[in-house]
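The whole structure should be built from the sequences, with the hints applied where relevant.
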Amino acid sequence: MSSAPAASATAGADYRPPVALRALGAVSTLFGVIAALMILASVLITCHMIFVRGVLGQSTIWQTEAVIYLMIGATLLGLPYVQKLRGHVGVDLLPHMLPSSLRRPLAALVMVATILMVAAMVWYGWEMFHQAWRRGWKSESVWAFPLWITYLSVPLGFGLYLLQLLADLWLAVFGPDTTLPEPHPERSPD
Amino acid sequence: MDPLTLGLLVALATVIVLFSGVSVAVGLLIVATLFLWIFDGSRSLEALPELFYAELNSFALLSIPMFIIMGAAIASTRAGPDLYEALERWLTKVPGGLVVSNLGACALFAAMSGSSPATCAAIGKMGIPEMRRRGYPAEVASGSIAAGGTLGILIPPSVTMIVYGIATETSIGRLFLAGVIPGILLTLLFIAWAIFDTWRCGAASAALVSARYTWRQRFEILPRVLPFLAIIAGVLYALYGGVATPSETAAVGALLCIVAAVLIYRMYSRRDLWIVLRDSTRESVMILFIIGAAGVFSFMLSSLFVTQSVAQWIAALEVNRWVLMAVINVFLLVAGFFLPPVAVILMSAPILLPIITAAGFDPYWFAVIVTINMEIGLITPPVGLNLYVINGIAPDISLRQVLVGSMPFVGCMILAIILMCLFPGLATWLPDAVMGAAL
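Chains as they are written, first to last, in this note's numbering: chain A, 289 to 478; chain B, 216 to 654.
Hints may be right or wrong, so weigh each one.
[Claimed, not checked] Sample of chain B residues at the chain A side, in silico, Cβ under 10 angstroms:
no.	residue
1	ILE253
2	ASP255
3	GLY256
4	GLU261
5	PHE267
6	GLU384
7	SER462
8	MET482
9	TYR483
10	LEU492
11	MET501
12	VAL549
13	THR595
14	PRO597
No wet-lab data here; the hints were simulated from the structure. Cβ coordinates follow ideal geometry from the N, Cα and C atoms, glycine included.
And the structure:
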């Protein structure tokens with residue numbers, strides 16, 4: 289812990305990350321809002337589907353598929369925003385038990401490993417999207433939805449997640465101590 | 216390499232990676248990727264995003280965000296405190312009435328929200344200060360809420376049960392039913408302990424003031440509480456009446472709960488609605504990310520033949536099935552100490568289920584056993600989520616006091632597991648009676 293808590297607290301409050309980082313944060317939030325709206329849309333579409341099938345007695349064509357694509361999209365596009373809110377749960381027991389001299393190197397190692405993993409998902413996810421795009425793959429249903437649209441959420445979601453992780457890494461290395469990730473999201477007011 | 220040795224290596228690597236502090240989802244992806252890369256070659260990595268995508272490509276999964284929205288909408292209103300107050304007004308004559316109404320409110324709120332931390336927060340915000348004001352010790356006040364909150368993942372609808380259903384390809388409707396009687400049993404055990412504890416305090420209970428309410432006061436609170444209970448009853452009815460699938464009923468339930476929150480609790484402001492949506496998005500994304508990653512993880516396990524050989528190895532040991540069950544319980548309990556329920560279930564279900572069914576155990580009964588184990592993990596250190604929630608809403612009660620208060624309830628849960636083993640019908644009777652015998 290810092291020897292001058294008051295000073296570091298004010299430094300944290302006054303600290304403004306560089307413009308690029310704030311812009312990235314805003315992009316993550318924007319996609320968080322989009323993800324939330326996609327989940328809301330899937331609630332409404334599912335209710336619509338039940339109405340059409342149950343009350344009007346007609347068969348439904350696109351709803352089930354659309355709702356699944358929306359949910360997948362919301363999950364992937366929501367990744368950067370949840371990262372920003374520190375909402376991805378992990379076991380932070382060992383880091384807490386380590387002396388602070390070892391805690392930073394471990395945190396750095398974990399971040400780098402996370403970044404490499406997410407980068408691999410972006411790389412292979414792009415291949416998956418690109419193939420569906422080039423070959424014009426469509427879903428095997430009456431609706432025949434172009435699959436590149438939903439596949440795009442994989443490289444896009446992981447790509448934005450990667451950017452948010454890089455921003456966090458920058459903050460962890462160059463930012464003041466107080467901007468370090470708070471490990472217990474359930475305690476934060478967010 | 217021998218698949219069993221490989222399995223041991225995977226287990227070791229998973230423990231090390233997850234304990235490093237990496238997020239659970241990314242940790243699972245890292246372990247899966249490393250093993251696929253080393254033992255299956257780099258070409259297998261091309262399939263990573265497809266495996267992840269394929270795991271999420273399921274209509275059944277939709278019930279997770281839907282039930283989470285339902286819970287978040289209810290949790291954002293004053294429904295929790297109202298429910299608590301309603302029970303308090305109706306249960307004044309019962310010894311230890313206040314603790315009893317707290318636990319009852321927890322059980323009912325658990326049925327509405329399906330989430331343990333939400334239950335803890337909603338009932339505890341009002342219940343803990345009220346109990347302390349009336350002279351209950353801090354340990355009893357905080358412990359009963361921490362324990363009562365864990366009912367959220369056992370009493371239907373429960374997100375934990377949905378995840379189990381998806382991981383094991385069992386019927387979610389049947390799983391929900393399997394949780395009903397054990398949920399009530401556990402609530403009664405909690406209540407029995409609370410009454411006994413209050414009675415044991417004896418002399419001190421002179422300080423426990425019990426309030427008096429008129430019949431008018433008792434009835435006037437009902438209109439604010441009953442609509443939500445009606446929605447839950449409706450959702451469960453639709454589920455078992457065969458009207459709709461869990462995802463569909465959950466979507467209707469989510470919409471109705473939002474509408475009820477707006478109409479009854481006048482939650483008009485865009486900000487309030489956004490908070491409901493934001494919290495549900497955060498939790499859904501977190502869980503669905505773990506589910507996608509666990510899909511990749513279990514693909515790795517089965518493509519390296521770990522799943523199959525562990526099951527064969529255990530079958531070849533020919534140990535007594537109850538010894539096996541005891542060992543599995545210890546494993547689940549320890550895993551639950553460190554990991555969130557969803558992660559434990561997703562990682563262990565593919566390996567445990569074949570073992571369980573081969574030993575002649577019912578998968579629905581086992582779901583209840585798993586869930587009670589996970590409940591214990593929620594109120595035990597080092598990562599008992601409910602302990603931190605209580606710590607957040609009542610910061611003046613030390614974590615140690617909360618822990619001392621919740622320990623007797625851990626005893627109740629272990630007792631419930633033993634009762635479930637002695638009388639498996641507690642879990643299997645209701646699903647069989649409502650939906651017919653399992654295939």
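Status of each hint after checking the structure:
{"no.": "1", "hint": "ILE253", "result": "violated, 14 angstroms"}
{"no.": "2", "hint": "ASP255", "result": "violated, 14 angstroms"}
{"no.": "3", "hint": "GLY256", "result": "violated, 14 angstroms"}
{"no.": "4", "hint": "GLU261", "result": "holds, 6 angstroms"}
{"no.": "5", "hint": "PHE267", "result": "holds, 7 angstroms"}
{"no.": "6", "hint": "GLU384", "result": "violated, 17 angstroms"}
{"no.": "7", "hint": "SER462", "result": "holds, 7 angstroms"}
{"no.": "8", "hint": "MET482", "result": "violated, 15 angstroms"}
{"no.": "9", "hint": "TYR483", "result": "violated, 16 angstroms"}
{"no.": "10", "hint": "LEU492", "result": "holds, 4 angstroms"}
{"no.": "11", "hint": "MET501", "result": "holds, 5 angstroms"}
{"no.": "12", "hint": "VAL549", "result": "violated, 13 angstroms"}
{"no.": "13", "hint": "THR595", "result": "violated, 13 angstroms"}
{"no.": "14", "hint": "PRO597", "result": "holds, 5 angstroms"}
Checked against the numbered hints listed earlier, the structure breaks hints 1, 2, 3, 6, 8, 9, 12, 13; every other hint is satisfied.
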